[in-house]
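Chains as they are written, first to last, in the working numbering: chain A, 335 to 636; chain B, 2 to 274.
These are calculated hints, taken from the structure and not from any lab test.
Any given hint could be a false lead.
As the list claims (entries may be wrong) - Partial chain B-side listing against chain A, Cβ under 10 Å, derived:
#1 Thr94
#2 Arg159
#3 Met266
Said to hold, decoys possible - A partial selection of chain B residues facing chain A, derived with a Cβ cut-off under 10 Å:
#4 Trp16
#5 Ala22
#6 Ala26
#7 Ala28
#8 Trp48
#9 Phe100
#10 Ala114
#11 Gly118
Even for Gly, the Cβ is constructed at its ideal location relative to N, Cα and C.
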Amino acid sequence: MIIFYGRADDTPMARAVEVARELDVEHLLVDQGRLATVDLWVEVGADGVDGRLVVAGSEVDLLAVQGIYARPLEVSAADGDPLDARRAMTFADGFLEWLDLAPGCVVNPPAAMHSNASKPYQAQLLARLGFPVPATLVTDDPEEVMAFRREHVRVVYKSISGVRSVVRELDDTAARRLDRVRVLPTQFQAYVPGTDVRVHVVGSRVFAAEIVSPALDYRYATRDGLPVRLAAHDLPDDTAERCLRVAAALGLRLCGIDLRRRPDGEHVCFEVNPMPAYSYFEAGTGQPIGVALVELLTGKAA
Amino acid sequence: MTTSAGLVVVLAPSWDVTAVAVARAAATRHAGVLLLRPEQLGLARRWVHRVAPDGTASGEVVLGDGTRLADGDIACVLNRAEVVPVPRFAASTAKDRAFAAMETQALVASWLAGLGGRVVDPPPGSGPGQLRRRRQWLALAHEVGLPVAPSALATSARLPSVVRRRHWTHPVQAGERHLGRRPVEVDQPPDGPGGEVLVVGDRAGGTLAGRYGRRCVSLAGAAGSRLLQCRFADAGGGPLLVDVDPRPELHEPAAITDVAELLAMVAAAKDPP
């Protein structure tokens, strides 16, 4: 059996559940929207770790579970009953704890997801693993930013933490507002010319997609009325190997790696997303990422 | 003011008396020691943190009093801070305050990571702000062969697994209702005499160091830690590990001296691990 943990209406989760159903894989969806209906027991003791789920009166031995795909989003408080809300919060907290203790295939253990909470920290790791990263400056000093802009000509800015932010270019208009950085250090990066490539690593399988869009941040292209075109892409072998190395080093069995292929052919790495919305890229390219994920969870793929 | 090269920084919140004692002891072994409060980082006059395309980090932070901490001048950091407050945002909306806190935490995490082996701890590679929970420590301890006290979590006191271990369950509070449905932490901390092992670098001290010191050093190694305290309790069947603290309160002068010596050693190393 495999377990899905997340929100039933979250598209990547819904797609994984759909694939499990299509492949006739025994599975259980633990819906974060209905946590008060499920019970959890997690234990560490003389015999090591043990865990059990109780769903509709039946006990599931968590040690016997082959794989868990977790996309924990915000837990919604149960209406009305404060005890249900407390139980739901305890479940959410306890299940995250279990994901780090579980001996089976967990996609992904929360402990492996921390590097994404600091982009410049993760950039240091990525560079050590062989990927060039954009020259980065985090500062609250406008003069440092202007010197950085003179050096790199085109500069973008984005959040430092894992908080999702729209990547913007530091154009002349933005530069006139630079005094604002004195309030809070901000991350600036040298603009990297080229084509965006999103790589999904699923176990030992690599799926690359090329994204063609005039938008600076293709994730928000549609919102800005700009087109986005996705196409399956063949990565050079050494780049694919680096992607596998990065995923393994970060302890991520599934991840989305954001690259940009420069005009000289080199791939620069922006970041690694430990909870990628793979279904968007699967729909745009036809790559069987969901199938690869379920096969990974069931042990049919390395 | 510019600090001298080879500075030892003890980063700790103001209530951390152990940090004060360690900083004092370190000052007798090393010329430059700075006790740095995390809020000073949140109130810094200037931050410059660079990451080059090859991942090399460099930069400086200028504190509110003008003290300049250049990365290259820092020889060692003892990090006992879990969060970096952002007092400048005290009057902001909760959303802005939370954003500022996350951004600042992310910056400090990257700054510390850029200092590499000069930071004691968090362990390199463990990620910013990552702290193991108690059961995660116990599970890791079990893997290295330490005897651990049972600890469990249940979302409902009426679960069969809880009922089977009823003698563990926290006593019912008088007047409490919905007992069967309430979440419970189910621990069995032995209430006998205790003991502890303090790991500092590759050395172990404390009352149970002779019996468990080697395995506690292995635990620290598995966690990538150079400083941690293991606390044991014994209900008659032998000591069981009940807790692990990577930022322990230290009272014994010898323990404080050991930590100060570790910092001096890290500061003196050309390329700390």
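Here's how the hints hold up against the structure:
Given the 10 Å rule on beta carbons, the hint for Thr94/B is violated: about 14 Å separates it from the nearest Cβ of chain A. A cut of 10 Å between beta carbons decides the hint on Arg159/B: the least distance to chain A is about 9 Å, and the hint holds. Taking 10 Å as the C-beta cut-off, the interface hint given for Met266/B is violated, the closest approach to chain A being about 24 Å. Against a cut-off of 10 Å between C-beta atoms, the interface hint on Trp16/B is violated, since the closest Cβ of chain A lies about 25 Å away.
Given hint, Ala22/B at the interface with chain A, is violated; its Cβ is 30 Å from that chain's nearest Cβ, farther than 10 Å. Because the closest C-beta pair between Ala26/B and chain A is about 30 Å apart, greater than 10 Å, the hint is violated. The restraint placing Ala28/B at the interface with chain A is violated, with a minimum CB-CB distance near 30 Å, outside the 10 Å limit. Restraint check, Trp48/B versus chain A: the minimum CB separation of about 5 Å is within 10 Å; hint holds.
For Phe100/B, the interface hint holds, since its Cβ comes within 10 Å of a Cβ in chain A; the closest pair sits about 6 Å apart. Taking 10 Å as the C-beta contact cut-off toward chain A, the hint placing Ala114/B at the interface holds, the least distance being around 5 Å. Among the interface hints, the one on Gly118/B is violated; its C-beta lies about 13 Å from the nearest C-beta in chain A, farther than the 10 Å criterion.
In terms of the numbered hints stated before, the structure departs from hints 1, 3, 4, 5, 6, 7, 11, listed from lowest to highest.
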